[in-house]
Amino acid sequence: MMFQPGSPLPDLTDLWLSERPKAAPDPGTLHLWSVDLDRSGFRHYLSQDELTRASRFSLETPKSRFIAGRSALRSILGHYLATPPLSVRLKYGEHGKPELADQAGDIHFNLAHSGPLAILAVCCDCPVGVDVEKIHPRRYMLGIAERMFSTADFTSLKSLSGSARTRLFCHSWTGLEARHKCLGTGLFTPTLASDDSMPCWENFIPEAGFCGAISMQKEIPKTENWTGFKFQ
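Going by the working numbering, the letters in the sequence shown line up with residues 822 to 1053, in that order.
Just so you know, not all the hints are guaranteed correct.
[Said to hold, decoys possible] Simulated pairs of lysine-lysine, DSSO-like, Cα-Cα distance not exceeding 30 Å:
id, residue 1, residue 2
1, Lys979, Lys843
2, Lys884, Lys979
3, Lys1039, Lys1051
4, Lys1039, Lys918
5, Lys1039, Lys955
6, Lys1039, Lys912
7, Lys955, Lys979
What the hints contain is simulated information worked out from the structure, not anything from laboratory work.
Remember, predicted model here, so these are calculated numbers, not experimental data.
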């Protein structure tokens, strides 16, 4: 689904719930979590390999955000599985996509972040991908789009300028990223650039100034079947 300039998007800005869900999402529904990675007071839940990854960060802000994101991920998955966060076992695909090692409850998830904002998508139907980006101008947008986007997206982008071009670029980019993450493929896998239909994807607004995209290997639930939660 290509984003159409001027078309309304699902806006979750004021819809994040503070309470936790009582159970994992039912088939045909979607849970989205918003995580403030700069919030103080995070309890740290990292496995040994995650601690090793954290130690490789040379700058404190990216390091603390990585720790916060992985700790939130483990806390949320542990809630769904009724297990301690550090008991959540993860495995990783060829391109690094994390999955539950035991596929307990057929829970599928994906995590994305941009600056201080992380978004976690959770469903029980099929693999899912999510991406989030802060909306701001990029250098070489047309060059990137010509190489990475579908012909339709590139043509639309060329017809715009200023903030409209920036918004379309960000929405198209998050859609591309979410689809690759859904499939667990590398960003430079060529097959997606020529096909805007598989897997399904949809843009949304997670917070003011950000854009997001969700992708699933089946029809995406209607937005009334989405529920947003604020990680506390």
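(message) Let me make sure I understand: some of the numbered hints might not hold for this structure. Which ones are they, in numerical order?
(response) Hints 1, 2 contradicted; others consistent.
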